[in-house]
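Residue numbers (our numbering): 166 to 776.
Keep in mind that the hints are not guaranteed to be accurate.
[Claimed, not checked] Quick list of simulated restraints, FRET-style, between CB atoms: (1) ASP565 x SER674: 41 to 49 Å; (2) GLU704 x LYS602: 34 to 42 Å; (3) SER733 x SER606: 55 to 63 Å; (4) SER733 x ARG593: 41 to 49 Å; (5) ASP407 x MET365: 15 to 23 Å.
Rather than coming from a laboratory, the hints here were simulated on the basis of the structure. Nothing here was measured: the structure is a model prediction, and the numbers come from that model. We put the CB at the ideal spot given by N, CA and C, even for glycine.
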Amino acid sequence: MKILGILGTILCKMFSPIKANALFFIFMYLLGCLCAWTTLPGTKNAEIYENLYLELFFDLFVLCAILLAIPAKIRRWVKMSLYVLLYVVALVDVYCFVNFDSTLNPSILMLIDETDSREAGEFLSTLVSPDLIFSNVGWILLLIIVNVFVAYSPKMKKVKLPNFNWNDRYTPYAGLLCIVLLLWGGLSSSQNKIATYKLMSGSSVGDIEHTLTEDNHAVLYTPISRLIFSIYANSLASKQIDKLVASAKSVKVDSCSYRSPNIVLIIGESYGKRHSEQYGYLMPTAPRQIRREKSGLLVPFTDVVAPWNLTSFVFKNVFSLHVIGEKGEWCDYPLFPELFRKAGYNVSFITNQFLPQAKAAVYDFSGGFFLNNPELSKAQFDIRNDKLHVFDDGLLTDYDDFVKNGKIKPDGHNLTIFHLIGQHVNYRTRCPRNQFKFFASDYEDKRPDLNPRERKVLSYYDNAVQYNDSIVDQICKRFENQDAIVIYMPDHGEECYEDNRGFICRNHSASIDWPLAHYEFEIPFWIYCSPKYAHSHPEIFKEIVQARNRRLMTDALPDLMLYLAGISSKDYHEEYNILSNKYDEMRPRILKGTTDYDRLRDAYLKNKKKK
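Required output: the full structure, derived from the provided sequences and hints.
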């Protein structure tokens, strides 16, 4: 009996955190569930986080245990503060989902940080608007009203609810249930807790992004966890922004010859070199580029790789004058558009991905925070577009409008950067249906190893590639009568059922083998010179032709850009300019900061030769 008494006491103690904070536990549990239900995307396969109910129980039990350790007089005010915090964050989270189709994320937090008092007042006024009250936000408001009514209504205080007045007879059973749910919830959520710790331990925004590419990454299933993560990500971004701002202030241009009056950089998206007709692909995906190549004015380079297979990492390395292998980080160096602006070029950034918007995922936040920061944006660009488009032809319209309204003067000194959505997944949505050229049936003989569904996906990707061909051709067309040079480089490669690998998109494995390097890091790269440019700059055109077979990794692109502009600065390094006779072609091309691409290729070719 004594043992049973001890056991009963232990069981009662196990229930005491919930018993002492019953109202708080019940309503915060309902809040967690309600937030999950009201922010479930309307897509076909959307599902509630599978461990929601158990992990939420575990987290709230631990929180209530902590509250129990606080003296009763203080605990009341702590709970009141938690009520306010958790309800306000929940309202903001669901509000963002209703208005921006996205829950709290680092991009939204960055936008909030830039919100002035007037805009904040407008936001608060919308919380009581009829439209919002009858949206999913209304469910959170209703829960708050019920919570307040139950807590403070005199009539409710007289009601003896079993949840608030447990008889000792039932308390041990409740304690036993708590133990079961606590152990079950702790074990089932342990993996997510470890993953969350890893996510919150990244030393940079890039580390966070890379962690989110891994399988079984953390699920931030509550509004408060999403807020904490957003604050953390923004704090990391802020540190790098501070370094970039300091670098921008130290930028100095000694002189500029304006060697190339109009320089155009086209940054594509997710373009696997294997799917380019220019590089021997079996489908006619690049007829317009081939036509320009046959004219002799478009020169494709044969041996170019990206430093990463993630857009944001590529952007940081391509925009920064830091070259992989040099001391320091990318954010310790100036961004090349800053030097162009300082030199007197009119710099335009026309993007179909990196605009400041609430719905931006971590990947876009990671790639765009240094472009969208107001101070850095002003240091880099004179002109930017302000809206995204379903298809990349919208960027052509943006450019034409800038020319029409005089913001871009073709007879001036211009650096124009086009950033395409290109072949970014979902491939089916990257080409207008009326411009589809390829269909699943076209691959029955060419790819008999694929099933019908896979052939359809492959046709979507190749359609996106050929649509991209039409866009880059139209960009070239806009400059072919000017003294202009156009550079095209996609951010990284892409896989779409290559050989027998059986998957699409990219593999973000920490280790890089030859197939991964071959398909996801090798990219098409070309330079197009207008007839006028080739005639006016025969020495540069000759250098381009002579350099076409040189090794290149695109982290060195800024030095080529500075050379083409004739910008003289301490930040320019001739050994990284692929057109220079002092170019260091044997510089190691390190992928993801870990793996030597050329060693991988050499080992592959050596093994192939043995076979």
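Structure-based check of all given hints:
1. The beta-carbon spacing between ASP565 and SER674, approximately 42 Å, falls within the hinted interval of 41 to 49 Å.
2. Against the hinted window of 34 to 42 Å, the Cβ-Cβ separation of GLU704 and LYS602 comes to about 39 Å, which satisfies the hint.
3. Separation of SER733 from SER606 is about 57 Å and conforms to the stated range, judged on CB atoms against 55 to 63 Å.
4. For SER733 and ARG593, the Cβ-Cβ distance of about 48 Å falls inside the hinted range of 41 to 49 Å, so the restraint holds.
5. Look at ASP407 against MET365: about 21 Å separates their beta carbons, and that is inside 15 to 23 Å.
When held up to the earlier numbered hints, the structure conflicts with none and fits them all.
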